[in-house]
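J.: The chain contents come next:
Protein chains: 2
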Amino acid sequence: MSRETVSHEQGAIYEFAPEMDPVETVPPGTAVTIETRDSLDGAVQSESDLIDQVPGEVNAATGPIAVEGAMPGDVLRIEIEEIRIAEPEGRVITIDGFGLLDGYPQIEAPETRMTPVEDGQLSFEGIDVPIEPVIGTIGVAPAEESFTTLVPHDHGGNLDTTDMSAGNTAYFPVFQDGALFSMGDCKAAMADGEMCGTGAEVATEIDLTVDLVETDVELARPLVETADAWKTIASAETIETACELANEDAIRLLAADNDLSATEAYMLSSLVGGLEISQVVDPLVTVRNAVPKKYLSAPL
Amino acid sequence: MSRETVSHEQGAIYEFAPEMDPVETVPPGTAVTIETRDSLDGAVQSESDLIDQVPGEVNAATGPIAVEGAMPGDVLRIEIEEIRIAEPEGRVITIDGFGLLDGYPQIEAPETRMTPVEDGQLSFEGIDVPIEPVIGTIGVAPAEESFTTLVPHDHGGNLDTTDMSAGNTAYFPVFQDGALFSMGDCKAAMADGEMCGTGAEVATEIDLTVDLVETDVELARPLVETADAWKTIASAETIETACELANEDAIRLLAADNDLSATEAYMLSSLVGGLEISQVVDPLVTVRNAVPKKYLSAPL
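Sequence lines, in order, name chains A and B.
Taking this note's numbering, the leading residue of the first sequence gets 1, the next gets one more, and so forth.
Taking this note's numbering, the leading residue of the second sequence gets 1, the next gets one more, and so forth.
Remember, identical chains collapse to one label, so a pair may be satisfied in a single copy or spanning two.
Pairs of lysine to aspartate or glutamate, DMTMM-like flavour, derived with a Cα cap of 20 Å:
hint, residue 1, residue 2
1, Lys-294, Glu-132
2, Lys-293, Glu-79
3, Lys-293, Asp-259
4, Lys-294, Asp-259
5, Lys-294, Glu-225
6, Lys-293, Glu-125
7, Lys-294, Glu-118
8, Lys-293, Asp-228
9, Lys-294, Asp-257
In case anyone wonders, no lab produced these hints; they're calculated from the structure.
When you get a sec, could you build the whole thing from the sequences and use the hints?
T.: Have a look at this one:
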């Protein structure tokens, strides 16, 4: 099967809106390569380039791409096959007014450090860091409200979730005809939490296969399948609320799959897998609830 | 070397206080076996036994044990060697007014489910769950304030952290002469988050070796060493604040060990390892910041 290529030159969004014009339309089952800009739009190329000087908008997501036949209530499946770093170096920055320790006297912002790729690793101030690419922003057209690409919500968006990586499969609720998915904001490496506000931001080429899932399950929020777990993903104003939403979603799947009451599924969720932090720095924060596959044979 | 045994019969506390009488005093380097009651004090032995009917206090911690020569400013090292389940079944419960989804209409509380040990696994409603024992409450005498054993803080206490498990080593600041450590509230299995408010609560026998570390590092809060990471541990009113404290502690260690500025250490913390949830249900919540050992050769 041939592989479609969609580049940021063809189209990129700074807002996930209910109505968007697709830059490409593909049938379910299509293999696609998506080219993404770095989240700072190529404007930070040395340590003297600071976030204050970036002229335009940030966090472009390549797309949107329509999937033929996708309708509200469907589930979109994105199998992430490979994420290639498409430039010789990434960059990590601090931003005044942003980040977990924003305002702490010992933290300087804005600052930039470049992270060159050397011998298949990143170099941060001379320290080798393994390249483990993550798609920071990935999502579909939302139900009613529009969200800038800096905000994560039930449509996905700026989830900054380390499991959005090669070998994993992401699932999104379809809210609009064609689903209209977009992605960008990739990192060559990122910690759970994304504490300083960025990972090592880089341009990438992402190989994926997009498909629709036939299911009776009503998916409310994104879900990701890793080698050994299913993880519900929820974003909210506080980490506490995001934990509640992710746990509620996990319990619903656990109860259905194991023929348990909600209370028993809640108890089981308190014994296996658990809550994980995606990011604590974006306008809404993101948490996931991992459930080992042993307890969820077929959640969708 | 002989091994000391300290049982809950000899002494157990329901409050970590600055001044406590030790039930045993041991020299640094001593191998100790600690016997712990289950957190519900043996009062829940069937599904008709509910938390409301537990007559006495809950969350006993066996101890305190004094370490000869330990002085404020020292660091106590507890190498956790083995945790054996000491009864034929555990129990998981819901509690009215407690737990992540407390008050949600689909969750019933109080409820109890027993988790018998069968063929080396737990059984929860017929579902096999691997036994991976965790010490829920572990800590030392605090600096000034007293904390019930239900509360985690800088002295440790009810940390409910899955890394407090066999093979790992926990470090605590010493605030009082003799350190005065205690532990209990073990679980045969527990998810990160402890969402319903408990894991599978069980009586255990814990083999450990206690020692003092010679270091110039001023440890403010607990730290745990796993096979591949050092993890700072912080408890606070909100998960956000706990994340900040755990990240601050991680940055301090990263900066010292790698000769980085605080800002650069903050950036590096945003690239590798990351924030992890311990528990989101106790009176204060607990978070850890994992730093792979590759980046922290000798934090203490």
